[in-house]
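Student: Next come the chains, spelled out residue by residue.
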Amino acid sequence: MSTPTADETVTETTTGETAAGHSYDASDRLAYVERFPDAALIVRLCFLVAFGALGLGGLFGVIQALHRTGIYRGVVSSADYYTVLTGHGVLLALVFTTFFIAGLFTWAVTRSMDRPLSSIRLAWAWFALMLLGTLMAAVAIVAGFFPSLGISADVLFTFYPPLQAHPLFYTGAALIIVGSWLAGANYFLTYREWRQENPDARIPLQTFMVLTTMLLWYLSTIGVAIEVVVFLIPWSLGLFEQVDPLTMRTLFWYFGHPVVYFWLLPAYLVWYTVLPKLAGGRLFSDALARIVFVLFLLLSTPTGFHHQYIDPGIPEGFKTVAMTNTMMLLLPSLLTAFTVVASIEHGARQRGGEGRLGWLRSLPWEKPAFSGCALAGLMFAAGGFSGMINAGMNINYLIHNTLWVPGHFHLTVGTAFALTVMAIAYWLVPQITGKRLRNRSLAAVQPYVWFGGMVLMSNAMHRAGLAGIPRRTAEPEYNVADASFTGVVGGYQEMRIQIAIGGVLLFVSLLLFLVVMVNTWRSEKSEQLRVDSRIPDPLSGPEHGPRVLDNLRLWIAIAIVLVLLTYAIPVGSLLADGVFAPGGPTVPV
Amino acid sequence: MEIHRFERLWLALSLLLILGITGTVVYGATAEGIKMVDDSGGTIDAENLQDTEFGDPGVRKVGENRYDVYIVAHRFFFDPGTSQPIEIPAESTVTFYVTSADVVHGFQVADTNVNTMVIPGQVAKLTVEFDNPDSYGIICHEYCGSGHHSMEGELDVVPKSEYNATEASA
Amino acid sequence: MNERSDGRGRRSRQEGPPVKETQNPTRPISRRTTLKAVAGVAASAGALATAGRANAQADGPDFGSWFEKTENFDGVVDETGQSEVTVAVGAPDVAGGPLAFEPAAIRVDPGTTIRWEWTGSGGPHNVVATDGSFDSGDPVPTAETTFDHTFESEGVSRYLCEPHETAGMKGAVVVGTPGSGGGGDGGSGDGSGQDGQAADGSEPLSGPWDVVMTGLVMLMMAAPIVYHYNRDRVRQRASSVVPTVTEAPQTDDEQVETLGHDEFDPTGTLSLVLVYLAILGVMWVFMYFVEFLGGPTVVG
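Residue numbers (the working numbering), protein chains in the order written: chain B, 1117 to 1705; chain P, 22 to 191; chain U, 367 to 666.
Because the hints were derived from the structure by calculation, they are not lab data.
Take these hints with a grain of salt, some might be off.
[Said to hold, decoys possible] Covered stretches of chain P (in silico footprint by chain B; criterion: 3 or more residues with CB under 8 Å from a CB of chain B, positions within the stretch not fixed):
1. 38 to 44
2. 61 to 71
3. 120 to 133
4. 141 to 151
5. 169 to 183
[What the hints assert, rightly or not] One side of the interface only, derived from the structure: several residues of chain P facing chain U at Cβ under 7 Å:
6. G54
7. I55
8. F97
9. F98
10. T103
[Claimed, not checked] One side only, chain P facing chain B, incomplete, derived with CB under 7 Å:
11. W31
12. G158
13. H162
In this text, a Cβ means the ideal position worked out from N, Cα and C, and glycines have one as well.
Let the sequences and hints guide you as you build the complete structure.
Tutor: This is the structure:
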């Protein structure tokens, strides 16, 4: 198959001028920053905020790791630990993720449709809105260290009422979400323009992935948007006396599960479309990639009750439905494992790899963009297992709210997402800045340090969780329960040391990444990069999959129906016994 | 649509795995009789607990080897459980009723599968069989404020003979 | 067990990277506009900040941050004119209760005896002065336990409950009207904040300072963005010295052979995923049947 897809079209003339007025020679392929300078600026700013949040959130993380393991408690008091924990969760799981994804998606749609964003002013608007929301939420959280200010938001990333934060916190979070909605609109409007010029073409794969992910995002953020805008903001301003904590939890977790796919699917976008090329190969199957994304769009949201398996007030029937839906969600991830590894194997064999498993050695492990993504995928396979346990309804009793849960999500969002981000940044940042990567030897080793740190930390967290040690706790030492903390393998103290060492290694790895990024960013533009963005055609292209896959309206309609089936009755009955009741007294923190 | 034969094999095996996992969960729910915490505990007025059974929390004998324990979670202690341990005899079936007087808490009997969220306005009802004498710590595992990490209690399952001789705590 | 830090741990820095001044004076307009916009944003957020809950406490000496985590602190309660005053230990029906002394802060005349009376709620408590001048001993939980101390000289005494210090179970006794020449305060347990010498009416930080602090923090966080944005604008305009950036010329150095669609069977992948499946199966069985079905479980 050699019909050029939209991915391959390159704006080239024999000689000419770029938008910024520079002349160039036709045999050179222009870097992204030259072809789409306005979009590149937006992407750069998104990455700047994302990496800043990553750095600060990571600093909070290492403080936590040392504090709760008892190694060093001198940075903050145990009461302030919860302020640190709130900052860690919000900066990493909300700010770092959303901004990076917005930047990545901006790059992906402009690149794959080979056209600039439909409106750069809209892009500035959503960026500014998201930034404003971030600043407000960050101020509310950090002000918790300064009690004389009278502002705090020690409510953690999940902000469960009746614990109440300052209205600045809720408003900031709401603005970040609304900004992201506008970003989605930007992508859809650009797609619509492209569609008018290409009425019969299949949606370019990267754009398809962006659009399905954004549809998922719109569907899933409805829950938290209602929770925050309709209930929590007025409540925190004193307009409502109380809210129903169970209803608020339900609305939050309506969002709280699909949000992890909002984080995962961009990583999948990288693994499906860029990783095969980094491995020297081609994507094994385009159609299967589309199927996987459609499955996520359909199934991600009607599963939220699996975070509420042991909530009183929710009947077991709804929990069982959530369980079966969640188990079905394993399928697209298992399919991804096959397709991505097959694509990598193709690359390895094209590089001369042979044997049943010997081809693994022929891969470019010295290149951090490749190694980071590959290691992220490997750790995700482990994280998937602990996720299956979480999803197993009754076995959830064993590990709910224990340290097992952070063990799980540090493997998934903390590695599958975060390490993929860092890895792809090594490939993408040169293209959006026009600067060659600096400190390449630091970059080459950084993913391995992350891998080592995460293996130590998360395996100890999993074992500690099985022993019953709780999460979200500044000092997990108890008078009676300590005796019950019998470990599966290894002792209590040994687990804590592993967590501390692992956490420190992760922070070191993060610093390595930031050093590389800062040095690259501050260097001068180069005439020629060392990367090229050409992505070869898949081995099996979109023409081998049914056209109905591109019918986004059909899929979103089915997704909405599934959500209604799962949530209409439970939410209805929660509201029927009183929109604001039953509840408890408000507790500002 | 074209699917490579290896991928078809993998698809089939993946579906089998999913079925197998779901099957064990169903087994646990049916053959082992494990029930999830649900809405059978009912709702309650968190600000007026003193007018309900929770006004007098503690252990009550309700039948031959059957006991009900009413527990209220506060910031930052369990009543009963924190200032004095909860005592129940071995070889009994105990139903815990747990609610909160203020914010969302957790209630976990360490080293067991007795684990529930405690939500103001809702009553979590869990029935557990305790066969052997043992001493368990109770932990609050949901963040409830700055004193969260000091929130703990104790559950003592005492030998049956010893229990009859002591007063059930009121 | 490592010793717990007291409530006065060092504050951690939260500011973003330091702001750099650009040397280029040729674009004052866009930078000023951007800075104005950010300042406007900061001000409006500051307004929202002050619209929020009012936590500021008014009368009495400035306790600094002593009561930062004490939710039932409601100013200094006037208990002057009595020879004996009772303070509840473990008050259940107040904010932060029962890990609270109620009232948290009181004013008494010199020579008054304060009787702390345990309610029985909230587990074991004790009453310990930060300057060591009184100490009820080891923590006990028992209702109707009492502890008395008579305050002879003017000053401010702070005290706490040791096991619940981090939960905010603290109190203060203001004897007479210190600051008018009487003895200083009863010692400081914290390292920050000032001990007020003024009598009633001095206000801690609130109101316009909230706006200023909020605005400053927001400015510092937005600064790197603003800086970078402007630097980029400079670069685009000073284009004559900036090269046209091209990508690496495509080379196939590392590729040894080309495998087309019909020539490739992912046998290695199949082996790897089958091994993965086997591991999943074994781990699941172990987790479910050994770990989970081991102990007491909820059956109804």
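Student: Tell me the numbers of any earlier hints that the structure contravenes, in ascending order.
Tutor: none
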